[in-house]
Amino acid sequence: MTNSQPRAIVAGHGEFAAGLVSAVEAITGRGHLFLPVAVPDLCAADIEALLRETMRATGARVLFTDLHAGSCTMAARRILRGMPDAVLVSGANLPALLDFAFADAEPGGAGGAARHAAERGRAAIDAVEGTP
Amino acid sequence: MSIALFRIDDRLIHGQVVLGWGQPLDVGFLVLVDDAIAASEWEQELYRMAVPPGVDLYFQTVNDCLGDMDRYRADPRPGILLTADVDTMGALAAAGGVPAVNIGGLHHRSDRVQRLRYVFLSPGEEQALRDIAARGVPVTAQDVPSAHAVPLGEILGDGAAK
Numbered sequence: 137m138t139n140s141q142p143r144a145i146v147a148g149h150g151e152f153a154a155g156l157v158s159a160v161e162a163i164t165g166r167g168h169l170f171l172p173v174a175v176p177d178l179c180a181a182d183i184e185a186l187l188r189e190t191m192r193a194t195g196a197r198v199l200f201t202d203l204h205a206g207s208c209t210m211a212a213r214r215i216l217r218g219m220p221d222a223v224l225v226s227g228a229n230l231p232a233l234l235d236f237a238f239a240d241a242e243p244g245g246a247g248g249a250a251r252h253a254a255e256r257g258r259a260a261i262d263a264v265e266g267t268p
Numbered sequence: 034m035s036i037a038l039f040r041i042d043d044r045l046i047h048g049q050v051v052l053g054w055g056q057p058l059d060v061g062f063l064v065l066v067d068d069a070i071a072a073s074e075w076e077q078e079l080y081r082m083a084v085p086p087g088v089d090l091y092f093q094t095v096n097d098c099l100g101d102m103d104r105y106r107a108d109p110r111p112g113i114l115l116t117a118d119v120d121t122m123g124a125l126a127a128a129g130g131v132p133a134v135n136i137g138g139l140h141h142r143s144d145r146v147q148r149l150r151y152v153f154l155s156p157g158e159e160q161a162l163r164d165i166a167a168r169g170v171p172v173t174a175q176d177v178p179s180a181h182a183v184p185l186g187e188i189l190g191d192g193a194a195k
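Just so you know, the protein sequences line up as chains A and B, in that order.
Counting in our numbering, the final residue of the first sequence is number 268, and the numbers go up one at a time with none missing.
Counting in our numbering, the final residue of the second sequence is number 195, and the numbers go up one at a time with none missing.
In case anyone wonders, no lab produced these hints; they're calculated from the structure.
Owing to the predicted nature of the structure, the values given are computational and were not obtained by experimental measurement.
Be a bit skeptical, because a hint or two may be false.
[Stated by the list, open to error] Per the computed footprint, the stretches of chain B lying under chain A, defined by three or more beta-carbons under 8 Å from a beta-carbon of chain A, are: (1) 74–85; (2) 122–136.
[What the hints assert, rightly or not] Facing chain A, a subset of chain B residues (Cβ under 8 Å, in silico): (3) 51; (4) 104; (5) 140.
Ideal placement from N, C-alpha and C gives every residue a C-beta, glycine not left out.
Turn these sequences into a full structure, and let the hints guide you.
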């Protein structure tokens, strides 16, 4: 894998992936580290095939998906079976991707970076109540 | 009848089902009818991971489901019954007790023609849906609750299901 190739694939409903990657690009200029994948009108088998082929073509072993129960997550779980060097982060959000984008030297390589990004994304969610 | 939705969806359990329908219907259980999945513990575990806490998930073959249908009807909780293909739902409808069929998603395949954004049908599937409708079972396509329910005749472009 060269430096110009994406290090992770982002997949989800609607324009989730493209929107998230565009936000990473706008904030950091590192949107090229992610390849957004949209899956409109695809059956489960075709989603799995698309993600599998995208991983093969890019060499990326990290998948970010939107929804725990979503079709992309289900497809990714199938792909991970028999691919021990791959990591799935489901429920991904912008803070998670930003953390991954800056995790060039994360111990454990891309998988370690993905696990760290998941922790950061989880911790970044907050609810702030208004004050009188 | 506590099964609130009989849905054909080749993605089976996914966001539209768990959240889009599951939340407003306040479902307490899902019945996934698929002979292959009912025989695969690994597949079942995969789907279990996608179901929210508090929602029961039952895996059934077609034959087992027919035998258990009365139990589902007696369940006070709302439920959703899912099949991945038309033939499986057709087998359930042929045995009676399916009040209406929802086509939630049948996606692109080489032998299918696109009928709606999320509905692609082969000639055999079209006929199988007509057969279900001929039993007096309304068949509509509706991916999410807020969408318009499209009647089978409109899906097939013939004005009425034959």
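Hint check results:
no., hint, result
1, 74–85, "holds (count 7)"
2, 122–136, "violated (count 0)"
3, 51, "4 Å, holds"
4, 104, "25 Å, violated"
5, 140, "4 Å, holds"
Checked against the numbered hints above, the structure breaks hints 2 and 4 and satisfies the rest.
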